[in-house]
Amino acid sequence: MIEGILIGLTTALTFKNIFMVMIGCFFGTIIGMLPGLGPMTAIALMIPITYGFDPATGLILMAGVYYGAVFGGSTSSILLNAPGVPGTVATSFDGYPMAQQGKAGKALAIAAWSSFAGGTLSAIYLLFMAPSLSKVSLSFRSPDYFALMILGLTAIAAFSSKGQFLKAMMMVVLGLMLASVGQDSLSDITRFTFNNMNLTDGISFVLVVMATFAMSEALTIILKRNDPTAAAKQVSLTELGSIKINKEERGKMYKTIPRSSVIGFLIGVLPGAGATIASFLAYGMERNLVKDEEKEKFGKGSVNGLSAPETANNAACSGSFVPMLTLGIPGSGTTAVMLGALLGFGIQPGPRLYMTNPEIFWSVIMSMYIGMVILLILNLPLIPYIARILAVPKNYLIPLILFFSITGIYVMSFNNFDIYLMIGIAVVATFLRLYDFPMPPLILAFVLGGLMEENLRRSLLLSNGSWEFLWDRTLTVCILATTILIVLWHIYKTLTKKKS
Amino acid sequence: MNINTTKIISLLFFIFSAFYLYTAYQIQVFAFDENAPFNARTFPIYLGYTGLFFSGLKLILPDPDTIKVEHKNLEYKKTGILILIAIIYGATILKVGYFLTTSLFLFASYYFLGERRWILMFLLSFPFVAGFMYLLHGVLDIYLRDPFLKLIGVMG
Numbered sequence: 063m064i065e066g067i068l069i070g071l072t073t074a075l076t077f078k079n080i081f082m083v084m085i086g087c088f089f090g091t092i093i094g095m096l097p098g099l100g101p102m103t104a105i106a107l108m109i110p111i112t113y114g115f116d117p118a119t120g121l122i123l124m125a126g127v128y129y130g131a132v133f134g135g136s137t138s139s140i141l142l143n144a145p146g147v148p149g150t151v152a153t154s155f156d157g158y159p160m161a162q163q164g165k166a167g168k169a170l171a172i173a174a175w176s177s178f179a180g181g182t183l184s185a186i187y188l189l190f191m192a193p194s195l196s197k198v199s200l201s202f203r204s205p206d207y208f209a210l211m212i213l214g215l216t217a218i219a220a221f222s223s224k225g226q227f228l229k230a231m232m233m234v235v236l237g238l239m240l241a242s243v244g245q246d247s248l249s250d251i252t253r254f255t256f257n258n259m260n261l262t263d264g265i266s267f268v269l270v271v272m273a274t275f276a277m278s279e280a281l282t283i284i285l286k287r288n289d290p291t292a293a294a295k296q297v298s299l300t301e302l303g304s305i306k307i308n309k310e311e312r313g314k315m316y317k318t319i320p321r322s323s324v325i326g327f328l329i330g331v332l333p334g335a336g337a338t339i340a341s342f343l344a345y346g347m348e349r350n351l352v353k354d355e356e357k358e359k360f361g362k363g364s365v366n367g368l369s370a371p372e373t374a375n376n377a378a379c380s381g382s383f384v385p386m387l388t389l390g391i392p393g394s395g396t397t398a399v400m401l402g403a404l405l406g407f408g409i410q411p412g413p414r415l416y417m418t419n420p421e422i423f424w425s426v427i428m429s430m431y432i433g434m435v436i437l438l439i440l441n442l443p444l445i446p447y448i449a450r451i452l453a454v455p456k457n458y459l460i461p462l463i464l465f466f467s468i469t470g471i472y473v474m475s476f477n478n479f480d481i482y483l484m485i486g487i488a489v490v491a492t493f494l495r496l497y498d499f500p501m502p503p504l505i506l507a508f509v510l511g512g513l514m515e516e517n518l519r520r521s522l523l524l525s526n527g528s529w530e531f532l533w534d535r536t537l538t539v540c541i542l543a544t545t546i547l548i549v550l551w552h553i554y555k556t557l558t559k560k561k562s
Numbered sequence: 346m347n348i349n350t351t352k353i354i355s356l357l358f359f360i361f362s363a364f365y366l367y368t369a370y371q372i373q374v375f376a377f378d379e380n381a382p383f384n385a386r387t388f389p390i391y392l393g394y395t396g397l398f399f400s401g402l403k404l405i406l407p408d409p410d411t412i413k414v415e416h417k418n419l420e421y422k423k424t425g426i427l428i429l430i431a432i433i434y435g436a437t438i439l440k441v442g443y444f445l446t447t448s449l450f451l452f453a454s455y456y457f458l459g460e461r462r463w464i465l466m467f468l469l470s471f472p473f474v475a476g477f478m479y480l481l482h483g484v485l486d487i488y489l490r491d492p493f494l495k496l497i498g499v500m501g
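Residue numbers (the working numbering), protein chains in the order written: chain H, 63 to 562; chain E, 346 to 501.
It is possible that some hints are incorrect.
Claimed, not checked - With a straight-line Cα cutoff of 20 angstroms, these simulated SDA-like cross-link-like pairs (lysine to any residue) come out: (1) H:K317 / E:E420; (2) H:K555 / E:L406; (3) H:K286 / E:L406; (4) E:K422 / H:K555; (5) H:K78 / H:P420; (6) E:K422 / H:D289; (7) E:K352 / H:K78.
To be verified - Label-pair restraints from in silico Cβ distances: (8) E:F398 / H:E516: 20 to 28 angstroms; (9) E:F398 / H:N350: 25 to 33 angstroms; (10) H:E516 / E:R462: 51 to 59 angstroms.
Just so you know, the hints here were simulated from the structure itself, not pulled from any lab data.
Treat the numbers as computed from the prediction; the structure is a model and nothing was measured.
Glycine included, every Cβ here is placed at the ideal spot set by N, Cα and C.
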């Protein structure tokens with residue numbers, strides 16, 4: 063492991079890669095601060111640029127964007143009560159009241175230090191957990207992988223659906239259907255191409271991500287007459303106040319950060335759960351653990367109430383890398399985008415990644431730590447200036463997002479058909495978004511589609527077409543039982559919600 | 346009559362799944378693969394049935410959390426124009442070239458979204474695209490086809 067860490071450090075500490083982390087964090091912070099444009103959009107817009115780099119640098123850039131976006135989301139939660147990303151909603155519970163009391167600078171500093179500590183601790187957990195999990199996952203067989211993918215898709219549908227589980231499952235099926243277009247990987251028989259040569263290789267992953275996130279978010283903003291930059295215009299007018307944290311406040315953070323980082327990391331590891339659930343759980347847990355006197359302050363500007371979700375959402379970001387790096391199965395929409403980009407580089411993440419491509423595996427882990435340091439020393443003092451950059455009117459922002467999306471597809475395929483297809487998918491996605499059909503399940507399903515079919519094929523061929531493979535192995539049964547539990551839990555929650 | 350749009354979307358998805366399933370059954374597989382436990386049409390067939398199942402459930406189950414969209418408040422005109430500009434951009438980019446079409450696309454988009462600061466609009470289109478093109482083509486070595494720049498002798 064020491065050798066791996068050294069390889070990772072050598073790769074991550076090159077001037078080019080440090081520069082990429084800085085660019086990524088900076089760009090991610092800007093996008094993350096804009097309500098409605100989350101880390102998935104930020105990463106999607108970066109994909110075409112990453113193809114000009116080696117895979118390690120590309121992934122380091124995307125990881126920087128991810129952390130930057132989460133940090134940027136916290137900033138708009140604290141200053142404007144307008145979370146840029148869902149994972150920072152809980153941050154606004156105590157961050158915004160603090161800002162209203164004239165302590166915006168302090169709230170930002172607490173959030174930044176908590177994010178830094180949460181991210182650092184979880185990077186350490188990841189450092190030790192990922193190789194061990196990789197060894198365990200070597201014992202996984204095709205039926206286990208197939209079951210694991212069903213678990214991942216069900217979990218992301220359950221957690222991202224805001225109570226609309228069936229809508230999310232429809233999006234999962236749509237994602238799998240889109241992935242099935244093109245040549246069958248084994249027999250080379252073309253499917254659903256309707257004799258169109260442009261569809262023979264299937265639909266590009268970047269095209270689907272750009273269409274369903276970047277482009278459809280831009281169209282939704284215009285359609286709904288939203289102005290994401292309006293929030294940023296207010297930030298530059300806000301009096302931030304001091305960013306110093308006193309001894310008493312530090313004492314509170316010392317207790318909160320370790321426990322919130324553990325819960326954040328563990329939730330992040332679970333497929334589909336992610337930063338949103340982690341931050342809410344950490345907030346709830348912290349409220350139960352503090353003294354009654356501090357409990358009264360929750361919702362009115364509590365240091366613990368701000369520190370807990372901020373620590374947990376960053377820890378969850380690192381945690382979500384575990385299933386992607388060790389099993390090759392992304393646990394969240396954001397890591398699904400990264401997995402798709404890695405596949406584009408010709409790299410298959412999975413248990414053997416840290417043996418076949420140690421420089422990628424370890425440099426990503428190391429760059430997470432570097433990213434945290436950069437976010438702390440670069441972004442915190444720069445927040446008022448970043449906010450001024452964000453005050454770009456939406457009349458400029460929207461065409462620029464469309465420009466990056468279309469350019470991204472153009473430089474990859476050099477054909478008009480892909481641009482038309484992207485516009486078509488973006489229009490459908492915009493319409494579906496209006497009626498709360500979630501997009502992350504579609505992306506995860508699209509990425510997993512090929513792998514899922516491959517593992518089902520192997521499992522069915524090994525069992526002579528019988529579905530017995532689903533209950534032949536204890537591990538498969540355990541994974542499927544977890545899937546059933548998630549569905550039952552979701553039904554229970556829906557029923558209790560209806561009663562209340 | 347108040348029509349629940351979510352139900353209409355579910356119905357459309359149901360029809361789409363049925364069409365997908367029909368097309369899946371039409372996939373031509375090799376003769377020796379016809380009765381194999383798994384062939385090129387197996388997975389799509391399962392997907393088609395799964396799509397029918399979930400959209401069917403959504404259709405028949407009550408929908409207490411109906412999403413109501415105020416269509417009067419939606420900006421259909423600007424969105425439509427933006428989509429149209431993007432289609433024209435897509436249609437001309439290969440023939441005319443990246444630089445000119447992209448710059449015009451950006452300029453037209455700013456204009457139709459209501460921007461009238463001409464100098465800023467110009468700066469954020471032509472010079473901006475030139476800079477971005479240099480980054481892609483010159484620095485990152487990503488090939489960009491541009492017949493227009495080739496014609497005027499700027500690109501080799």
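Hint by hint, here is what the structure shows:
1. H:K317 / E:E420: Given that 20 angstroms is the threshold and the Cα spacing comes to 49 angstroms, the pair is violated.
2. H:K555 / E:L406: Status holds; Cα separation ~16 angstroms.
3. H:K286 / E:L406: violated, 29 angstroms
4. E:K422 / H:K555: violated, 41 angstroms
5. H:K78 / H:P420: Since the Cα atoms of H:K78 and H:P420 sit roughly 19 angstroms apart, the hinted pair holds (cutoff 20 angstroms).
6. E:K422 / H:D289: holds, 17 angstroms
7. E:K352 / H:K78: It is violated: about 52 angstroms lies between the C-alpha atoms, which goes past 20 angstroms.
8. E:F398 / H:E516: 20 to 28 angstroms: About 23 angstroms separates the Cβ atoms of E:F398 and H:E516, which means 20 to 28 angstroms holds.
9. E:F398 / H:N350: 25 to 33 angstroms: Between E:F398 and H:N350, where Cβ atoms are some 40 angstroms apart, the hint is violated.
10. H:E516 / E:R462: 51 to 59 angstroms: holds, 53 angstroms
Comparing the model with each earlier hint shows violations of hints 1, 3, 4, 7 and 9; every other hint is respected.
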